[in-house]
Amino acid sequence: MSNNRIAVVILLLAVVILLNLPLPASMRIKAGAHNTVAPFQNTMSAVTHTVGKVFSSIRNPNRNLNDKKDMLTEIAELKLKLKENKLFEDENIALRKLINFKNRQKVALVLCEVISRHGANGWWRTITVNRGSDDGITKGAAVITTDGLIGRIYAVSKNTSTITLITDYSCNISCVITRTKAFGIVQGKGIAISDNVPLDMLCPINPLGMDYISKNDSIKHNDLVITSGLGEIFPAGLIVGHVIKAELDRSGLYQRATIMPAANLSELRYIFVIKNKKEETKTALPKLPSLPTMEGLF
Amino acid sequence: MTYIIMTLLLILAATFQTLSPAYGILGQVKIPILLAFVVYYSLNRNTATMLIAAFMAGILQDALSLSPLGYSSSIFLFIGWLMSRYRGLVMADSFITPVIFGAGTGIVATLMHALLLVHNNLINFNPFWILLRMLGSGFLCALITPVVFMLTKTLDRSVGNLETKENPCEFC
Numbered sequence: 001m002s003n004n005r006i007a008v009v010i011l012l013l014a015v016v017i018l019l020n021l022p023l024p025a026s027m028r029i030k031a032g033a034h035n036t037v038a039p040f041q042n043t044m045s046a047v048t049h050t051v052g053k054v055f056s057s058i059r060n061p062n063r064n065l066n067d068k069k070d071m072l073t074e075i076a077e078l079k080l081k082l083k084e085n086k087l088f089e090d091e092n093i094a095l096r097k098l099i100n101f102k103n104r105q106k107v108a109l110v111l112c113e114v115i116s117r118h119g120a121n122g123w124w125r126t127i128t129v130n131r132g133s134d135d136g137i138t139k140g141a142a143v144i145t146t147d148g149l150i151g152r153i154y155a156v157s158k159n160t161s162t163i164t165l166i167t168d169y170s171c172n173i174s175c176v177i178t179r180t181k182a183f184g185i186v187q188g189k190g191i192a193i194s195d196n197v198p199l200d201m202l203c204p205i206n207p208l209g210m211d212y213i214s215k216n217d218s219i220k221h222n223d224l225v226i227t228s229g230l231g232e233i234f235p236a237g238l239i240v241g242h243v244i245k246a247e248l249d250r251s252g253l254y255q256r257a258t259i260m261p262a263a264n265l266s267e268l269r270y271i272f273v274i275k276n277k278k279e280e281t282k283t284a285l286p287k288l289p290s291l292p293t294m295e296g297l298f
Numbered sequence: 299m300t301y302i303i304m305t306l307l308l309i310l311a312a313t314f315q316t317l318s319p320a321y322g323i324l325g326q327v328k329i330p331i332l333l334a335f336v337v338y339y340s341l342n343r344n345t346a347t348m349l350i351a352a353f354m355a356g357i358l359q360d361a362l363s364l365s366p367l368g369y370s371s372s373i374f375l376f377i378g379w380l381m382s383r384y385r386g387l388v389m390a391d392s393f394i395t396p397v398i399f400g401a402g403t404g405i406v407a408t409l410m411h412a413l414l415l416v417h418n419n420l421i422n423f424n425p426f427w428i429l430l431r432m433l434g435s436g437f438l439c440a441l442i443t444p445v446v447f448m449l450t451k452t453l454d455r456s457v458g459n460l461e462t463k464e465n466p467c468e469f470c
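Chains as they are written, first to last, in my numbering: chain A, 1 to 298; chain B, 299 to 470.
If we strip away everything but chain A, and leave its shape as in the complex, we get (with noise of 0.2 angstroms):
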């Protein structure tokens, strides 16, 4: 047997061999994958961060200067509105306790940097991040900006992450529409937001669709989109996005919106993980009244 055949055999047995194996094992292999392309993807990203922040300081020079001025302004601002915060906060704190109530939530955020977008073939709305296990990322973890919430966690390495973007087709969330407490399930339309890619005549941009909306409540333009905390994936109170429009689905049993999303998913590149979604998971609701009992009703 010559040695191309011997190969072939080898190789075709080894495609076989992967197409079969279990999930962890497949899993594995990524993650090992990864944390090898890692630093290479982490040094390039950096230095093409570096030089188009050099165009843009050639092209604008003042931009940095008036960037400095708008985050001095913003910081006065958010202190001023933490200090206000930190009032409402005590209150809360003081108001729970005589409600004999605990926090539900401990949140802690770990600062992530992208470093690949919609992995090496783009057939998912997925970021890579420079960080991973190490830093106590955990799959399922859900990720936001500033804005809003943007994806979760979908696989994790030592030193990256795999997030899938809300506006995957895979990405599901249980959401409210804060004005009416109508609750529905917003899921990706798979097409990616960006400023400067002309699909409008191609095909319509629906970024993320609301389905299952009772059919009852009115939704209007611009109504705000959160997560419900329903199915504990996703913390309740994560701003997911805005309404666009909403009409009739064609069964005629619920309502369907359109959903903006309210972060910016073409330009990321900073993002938090949500991490320790639950410390204290025992709350100590008040004592209720007990229940007749079916022995009792007979």
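No lab work stands behind these hints: they were computed from the structure. For each residue, glycine too, the CB sits at the ideal point set by N, CA and C. Careful, some of the hints might be misleading.
Claimed, not checked - Distance windows between CB atoms, simulated:
hint	chain 1	residue 1	chain 2	residue 2	range
1	B	Thr452	A	Asn3	23 to 29 angstroms
2	B	Met448	A	Leu65	40 to 46 angstroms
3	B	Tyr301	A	Arg5	16 to 22 angstroms
4	B	Tyr301	A	Ser57	41 to 47 angstroms
As the list claims (entries may be wrong) - Stretch-level coverage of chain A by chain B, calculated; a stretch enters the list once three of its residues show a Cβ under 8 angstroms from a Cβ in chain B:
hint	region
5	8 to 14
6	18 to 25
7	29 to 43
8	116 to 125
Put chain B on the given structure of chain A with help from the hints.
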């Protein structure tokens, strides 16, 4: 030496491919650098080297995306095998060969990948999007393959992996 160079090149190619922008107008397709390497190894090296390159490129592509492992490897191995069967009929040193082969393999690889993903319910079936991606992939692969050919041939010749103007069938 051949395999060390090949491994390094494939890792670099995978890095550049993941960092390349996904062009919306071309169906969010990435620049298929790994596929261009498969075309290069199919037309310029012996069958065993080509098969190993195709297998490794496939693993890297699948590992760095949400695609199940083995999909890209199967596709790349099939494409590599197909091209190596007909490489005797074309001039691998000609500029037009990598352009045509690049375009063809870009289209075929995307179609095969789409069929596998749709069959296993891993992506939403959207014929328009898939067609756009096939054309996009063909276009980008036609552009990148001659560049990969030029750079890799120069590197291979400088390290002695490939002698100048040799017949690739000599390796078979």
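Verification of the supplied hints:
no.	hint	in the structure
1	B:Thr452 x A:Asn3: 23 to 29 angstroms	holds (27 angstroms)
2	B:Met448 x A:Leu65: 40 to 46 angstroms	holds (44 angstroms)
3	B:Tyr301 x A:Arg5: 16 to 22 angstroms	holds (19 angstroms)
4	B:Tyr301 x A:Ser57: 41 to 47 angstroms	holds (44 angstroms)
5	8 to 14	holds (count 4)
6	18 to 25	holds (count 3)
7	29 to 43	holds (count 9)
8	116 to 125	holds (count 9)
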